[in-house]
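*Asks:* Chain by chain, the residues run as shown.
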Amino acid sequence: MSGWPWRSAGYLLTSAAIGAGAGLHAWAFARVWGGPGPSAAALLLVPLLGTAWVVSAYERLRLPLVMDRATLLRSRGTLREIAYGLVAVLLLWWIDLGVLGVAAGLPLFLMAAPLQPTANAAVAWSLAVLGVVLLPIAAYPVATWAGVRAAMARAVLMPGDSELHRVIESRARLVDAFEVERRRIERDLHDGAQQRLVTLAMRLGLTGLDLPPESKAAREVREARDQVRLALAEIRELIHDIHPRVLTDVGLEAAVRDVAGRSMVPVDVDVVLPVRLSTQVETTAYFAVCEALANVSKHSGAASAGVRGRLVDGRLVMEIRDDGTGGADADAGGTGLVGIADRLAVVDGRMELHSPAGGPTVLRMEIPCDP
Amino acid sequence: MRPLRLVIAEDSVLLREGLAGLLERFGHEVLAAVGDATSLVAAVADHRPDAIVVDVRMPPGNTDDGLRAAHALRSAYPDLAVLVLSQYVSQGYASELIASSASGAGLGYLLKDRIAEVEEFITALDDVAGGGTVVDPEVVRQLLSRRHAPMQRLSPKEREVLQLIAEGRSNAAIARRLVVTEATVSKRIAAIFTKLDLAQAPDDHRRVLAVLAYLGS
Chain A
4 MSGWPWRSAG
14 YLLTSAAIGA
24 GAGLHAWAFA
34 RVWGGPGPSA
44 AALLLVPLLG
54 TAWVVSAYER
64 LRLPLVMDRA
74 TLLRSRGTLR
84 EIAYGLVAVL
94 LLWWIDLGVL
104 GVAAGLPLFL
114 MAAPLQPTAN
124 AAVAWSLAVL
134 GVVLLPIAAY
144 PVATWAGVRA
154 AMARAVLMPG
164 DSELHRVIES
174 RARLVDAFEV
184 ERRRIERDLH
194 DGAQQRLVTL
204 AMRLGLTGLD
214 LPPESKAARE
224 VREARDQVRL
234 ALAEIRELIH
244 DIHPRVLTDV
254 GLEAAVRDVA
264 GRSMVPVDVD
274 VVLPVRLSTQ
284 VETTAYFAVC
294 EALANVSKHS
304 GAASAGVRGR
314 LVDGRLVMEI
324 RDDGTGGADA
334 DAGGTGLVGI
344 ADRLAVVDGR
354 MELHSPAGGP
364 TVLRMEIPCD
374 P
Chain B
6 MRPLRLVIAE
16 DSVLLREGLA
26 GLLERFGHEV
36 LAAVGDATSL
46 VAAVADHRPD
56 AIVVDVRMPP
66 GNTDDGLRAA
76 HALRSAYPDL
86 AVLVLSQYVS
96 QGYASELIAS
106 SASGAGLGYL
116 LKDRIAEVEE
126 FITALDDVAG
136 GGTVVDPEVV
146 RQLLSRRHAP
156 MQRLSPKERE
166 VLQLIAEGRS
176 NAAIARRLVV
186 TEATVSKRIA
196 AIFTKLDLAQ
206 APDDHRRVLA
216 VLAYLGS
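Listed in order, the protein sequences are those of chains A and B. The numbering used here numbers the first residue of the first sequence as 4 and each following residue consecutively. The numbering used here numbers the first residue of the second sequence as 6 and each following residue consecutively.
In isolation and in its complexed conformation, chain A is listed as follows (with noise of 0.2 Å):
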């Protein structure tokens, strides 16, 4: 089972906040209606307001619980934030509460048979399994009603989220826009020149067979087949950096190996993916790993390293680690950290630095991937 019921029951718990907010209004109020009379009472309708802004500001905050992407904009203490956060106060958080409590409170109550002292054994404990095969039943409702309410939440609350959300998705497009233009560079220098001058450097070998060895004109030729062969070296390097064959090729396993033979610290390679994954989080990842691993041979001093990868819940995780002097921060700039953080921003991934003085360092990297 999956985090989400226990935060979507979570998300729905914390309304209990809310609810002992409108308590003691309630209170306050019958108190106030009861001695200094009802036209008293009216004017506790403004903390009543206040206490829905603050109500509001609470609605945002715990929204994180329940939805990933949720951009925390600031409170602009508008009048539909506090009138959001009236019915909150007013109608929505027993809502949550009675949902909650039908939901897991019936089968937990169920489960709790066979501590009645009065209980006939054999019932209680039918009681109890009935109890344990409905809570995962309760998950349903619990996580149904926790996702209307985070999205109502995020409609009257973020209104601006999902321009946000525009600008996000047109940024991974003109990064994505990159992408396939450098890959139709390296495919044109592949394809084409390339193979042209592979074509012209055999040529010349064959003419060179022709010609006599030590004549100048053999000389000449073998001269002018190695100049070919040079410019061959150097567009291999040119593709290879603009976007390496072999992860078009082959995917990002035997892309990251590649990498880590060349790389001058020893690198373990651990990556154990059972499909290709999209272009945009291979690359995203092979990049990523290049720069990872070139810190760790510029800046670490480490004798060894290791890039591991998996593919977790839908997630591509790669974790780079060496055991150098650590110390890397990831906001000092400068070190290529930020490249990767840029990188994974695109690709809603994320990274996480953890590098004590004295190491060992370990950079974990998430990408999420679509199935």
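Keep in mind that the hints were calculated from the coordinates and are not lab data. It is possible that part of the hints are untrue.
Stated by the list, open to error - Calculated from the model, a selection of chain A residues having no Cβ within reach of chain B, i.e. all distances over 10 Å:
#1 V151
#2 A158
#3 I188
Claimed, not checked - In silico SDA-like cross-links for lysine to any residue, where the CA-CA straight-line distance does not exceed 25 Å:
#4 B:K200 - A:M267
#5 B:K162 - A:V268
#6 B:K162 - A:K301
#7 B:K162 - A:M267
#8 B:K200 - B:S160
#9 B:K162 - A:P269
#10 A:K301 - B:Q157
Ideal Cβ positions, reconstructed from N, Cα and C, are used throughout, including at glycine.
Starting from the structure of chain A, add chain B where the hints point.
*Replies:* Relative to chain A, chain B alone:
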């Protein structure tokens, strides 16, 4: 050098025809020259060649179709020698290919650039057809730039020998190249085997194991 019966698979027409011309010039018989992996499989079934020369990247998928076809053909025809040509170096390809060569016919993995060294290219093909293993020097060069624990135990001279083995050279060729006697080469190879903890086994097999340890380390 015995004439070989060959099938070539390469999607660039210019290069394919040039390659066919080159091979025929050295007395080999090109039974078929095809441009995609599917035709390669069919041509091998039709002609049963001694060896195939195959490009890694080819239609229909334009990824590593040629390499995968070569793998499939090796399991179908254990005697078939395979020389793989690639436009770029991938150690993954090299070790994968060599792992599959521990039993059976010869195998080579070369950068396409090597075709320009016409005579060396023909020699490499000949070695592969004779059951040898040929690895592009570029692969070896990249491996040598790393700091590996087991490889650290080898002396520079032994590493030199290992590099030449990885390039597919015979003991005699290594001896000529290093200007030492064949007995010296054999002694160094024995030392390499000991230092890499390779079990006593028939010489040819140990050669492959040494290269494997080299690539896998």
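*Asks:* For every hint, state whether the structure bears it out.
*Replies:* Results for each hint:
| no. | hint | verdict |
| --- | --- | --- |
| 1 | V151 | 46 Å, holds |
| 2 | A158 | 45 Å, holds |
| 3 | I188 | 15 Å, holds |
| 4 | B:K200 - A:M267 | 23 Å, holds |
| 5 | B:K162 - A:V268 | 23 Å, holds |
| 6 | B:K162 - A:K301 | 30 Å, violated |
| 7 | B:K162 - A:M267 | 22 Å, holds |
| 8 | B:K200 - B:S160 | 10 Å, holds |
| 9 | B:K162 - A:P269 | 22 Å, holds |
| 10 | A:K301 - B:Q157 | 22 Å, holds |
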